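S.K.: Could you build the full structure based on these sequences and the hints that come with them?
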Amino acid sequence: MRVVAALSGGVDSAVAAARLVDAGHDVTGVHLALAEKRYAGGGRGCCTLEDVHDARRAADMLGIAFYVWDFAQRFQETVLDDFLQEYREGRTPNPCVNCNQHIKFAAVLERAQALGFDAVGTGHYARLVDGPDGVELHRAVDPTKDQSYVLGVLDAGQLAASLFPLGDSHKSEVREEAAARGLLVADKPDSHDICFIPDGDTRGFLRDRLGGDSGPIVDEASGARVGTHPGAVGFTIGQRRGLNLRQPAPDGKPRYIVDVDMSSNTVFVGPPARLRVHGFTVDRLRWTGPSDLLAPLIDQVQLRAHADPVTARFTPTGAASGEVTLAQEFSAVAAGQIAVFYQQDRVLGSGRIISTGG
Amino acid sequence: MHYLDHAATTALRPEALAAMQRQWQQVGNPSSLHNAGRQARRTVEESREQIADLIGAKPADIVFTSGGTEADNLAVKGIARSGSKRRVLISAVEHHAVLDPADALVQEGFLVERIPVDADGRVDLVALASLLDDEVALVAVMWANNEVGTIEPIAEIAQMCAQRGIPLHSDAVQILGDPQFEVAAVPSVALSAHKVGGPVGVGALVLDRNLDVKPLIHGGGQERDVRSGTLDAAGIAGFAAALAAPAVDTRPLRDELITGIRQAVPDAILNGDPVRRLANNAHFSFPGCPGDALLMLLDAAHVAVSTGSACTAGIPQPSHVLMAMGADEAAARSSLRFSLGWNSTGEDVLAAVDALPKAVERARRAGGRR
Chain A
1 MRVVAALSGG VDSAVAAARL VDAGHDVTGV HLALAEKRYA GGGRGCCTLE
51 DVHDARRAAD MLGIAFYVWD FAQRFQETVL DDFLQEYREG RTPNPCVNCN
101 QHIKFAAVLE RAQALGFDAV GTGHYARLVD GPDGVELHRA VDPTKDQSYV
151 LGVLDAGQLA ASLFPLGDSH KSEVREEAAA RGLLVADKPD SHDICFIPDG
201 DTRGFLRDRL GGDSGPIVDE ASGARVGTHP GAVGFTIGQR RGLNLRQPAP
251 DGKPRYIVDV DMSSNTVFVG PPARLRVHGF TVDRLRWTGP SDLLAPLIDQ
301 VQLRAHADPV TARFTPTGAA SGEVTLAQEF SAVAAGQIAV FYQQDRVLGS
351 GRIISTGG
Chain B
1 MHYLDHAATT ALRPEALAAM QRQWQQVGNP SSLHNAGRQA RRTVEESREQ
51 IADLIGAKPA DIVFTSGGTE ADNLAVKGIA RSGSKRRVLI SAVEHHAVLD
101 PADALVQEGF LVERIPVDAD GRVDLVALAS LLDDEVALVA VMWANNEVGT
151 IEPIAEIAQM CAQRGIPLHS DAVQILGDPQ FEVAAVPSVA LSAHKVGGPV
201 GVGALVLDRN LDVKPLIHGG GQERDVRSGT LDAAGIAGFA AALAAPAVDT
251 RPLRDELITG IRQAVPDAIL NGDPVRRLAN NAHFSFPGCP GDALLMLLDA
301 AHVAVSTGSA CTAGIPQPSH VLMAMGADEA AARSSLRFSL GWNSTGEDVL
351 AAVDALPKAV ERARRAGGRR
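Those protein sequences? They're chains A and B, same order as listed. For the first sequence, my numbering assigns the number 1 to the initial residue and increments by one for each residue that follows. For the second sequence, my numbering assigns the number 1 to the initial residue and increments by one for each residue that follows.
None of these hints come from the bench; they were simulated from the model. Quick caveat: nothing in here was measured; it's all calculated off a predicted structure. We put the CB at the ideal spot given by N, CA and C, even for glycine. Errors might be hidden in some of the hints.
Stated by the list, open to error - What follows is a set of in silico ranges between Cβ atoms, one per label pair, in the way DEER data are often shown: (1) GLN263/B <-> ASP26/A: 48 to 54 angstroms; (2) ASP134/B <-> ARG88/A: 55 to 61 angstroms; (3) ALA23/A <-> ASP354/B: 47 to 53 angstroms; (4) GLY326/B <-> ASP208/A: 32 to 38 angstroms.
M.R.: This is the structure in structure tokens:
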């Protein structure tokens, strides 16, 4: 096959590309330029020159062609604008999931296919398994690196044109393989931050772009004002740090953000028990195959990239919405987060959390 | 591989390689006073005389540099800084080696103004005349454009500037090697060795001795006290040998290429002056085709072409040259430069023409997607 290997400049995508070459594919390396501007300092952004350099050198070592594809405008119009809009409306988005849905496995894939490529390969840790009804997305064998969650928004067409050569490997094996292949990025640290916020200061990033006035932090139970926030935007349910509350709670226990009301610019705090939910509703449903076949199979849901899955039941309430009932309480569920549905290790689909219920 | 990017750099001519090998086997710094030094100096001076002869310049006017970029920097900054006048006029289609030093002068209080060009990329002489006054420290107009290949009316511009006593600098990097080319009455001219089959890292500023210029690089004053650094005798010998090598007229191949592309892709648009253009340049816009996609597809078909300039990361930028010629951003991103060299063949031209229709069709499908 003619394959575009997305090369981020990191170790995973370099090894993935190497394996695609070994498998006999005709591989072209592509680095995605996503940020409008290069970010000074902090070499971890997705578009730093250092990453372009590392990606280019990996392609050199593999003997494959290399190009930089400029998707900055698309990234701005989809991922970044959605990121800001979600926060503006008091939700907590996952931009990496969005990027997979709209950029890596949409804009990039479409461009690749138009240019005569058959598939896009990435260094995600997930497995594609041939099933009776087509290709299925499964968890990676390395539970600490499994990235099936962030791929839970891909549909059957996107999965059919994707390759994830690392799904059967452990991270340590991938690093060893990179070293054995002489790839210079074998020891490069993993990236964790949101690529367009390399300093990790999400609230600072949001305040610069969305502004916002200081407002009250209110104890939800008593209604008493217990502090002041510098702007409600960017505060997330379940968050404890950065509140600077002056008065301790009457019971002396730590208080967490339990609700954010953007319309009144109020952040509500409460005890940890208040964060526990038994279910929630979702919209923006996406399925890895026919929804009528997959929805009844759901037995687990995962609510964050690195959270344990929870036993759950799914009930459709519309074409693209539904209710999820959890078998046990789950703490700190924020609107905007992506719920990914599983049957055992198999990803069935996903939805965006819009409201939570006790 | 079918290499059609000779305007970026061309293959080393065998004559240049031989001349450099001869000199590399000798020890000697051209500035040393002993026999070894004299021999190296002799190589440099013979090369200087040979180059001067080939371009109609005086040997004493030639200042060797590390390349065309340094020559442009030395001219733009060196001439502007040598006097008290504060206006600098540059054409809107200059190479970045002129644009960027001019922008740097803005920080020093200079007023840098762009001279507009017409739809073919030719400098608007009426506009230039209206911009010239006694406050102009320097005018810079390239001899021929590196992207679209248009040859500028340098003789007229030189005359206009001379009448007012204003120094004119011209980047002649792309036209060097054309048998018709002579520096004539232009007081400052930038040249580069590797565009004519010499080594990368060697160039020259042909600088009228009456022109005052502030050096950029200090440290020994080897070249007329205008430029310092040990002279690269081997590289300079390679430069002269490349320039002296038998000229190859690429016009017939260029015309074949232009005709072939027009037939292969009927809606392709030839950019630049159709007549007064570089002998090795064919520059086309392919409406609806992102240039970087075309480049990639041709690269896969073993045809090497250029989209113009790219940023440090390797992302093609919309061409400032085409924008100055009146193109919109989409058009400025949908063009390719094909450039021929001394070892280009009819097969190279055929390969490009054959590969184009399919590449254009695919790139067009990818067109709206960015």
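S.K.: All the hints need checking, so say for each whether the structure fits it.
M.R.: Here is how each hint holds up against the structure:
no.: 1; hint: GLN263/B <-> ASP26/A: 48 to 54 angstroms; result: violated, 30 angstroms
no.: 2; hint: ASP134/B <-> ARG88/A: 55 to 61 angstroms; result: holds, 57 angstroms
no.: 3; hint: ALA23/A <-> ASP354/B: 47 to 53 angstroms; result: violated, 31 angstroms
no.: 4; hint: GLY326/B <-> ASP208/A: 32 to 38 angstroms; result: holds, 37 angstroms
When the structure is compared with the earlier hints, violations turn up for hints 1 and 3 and for no others.
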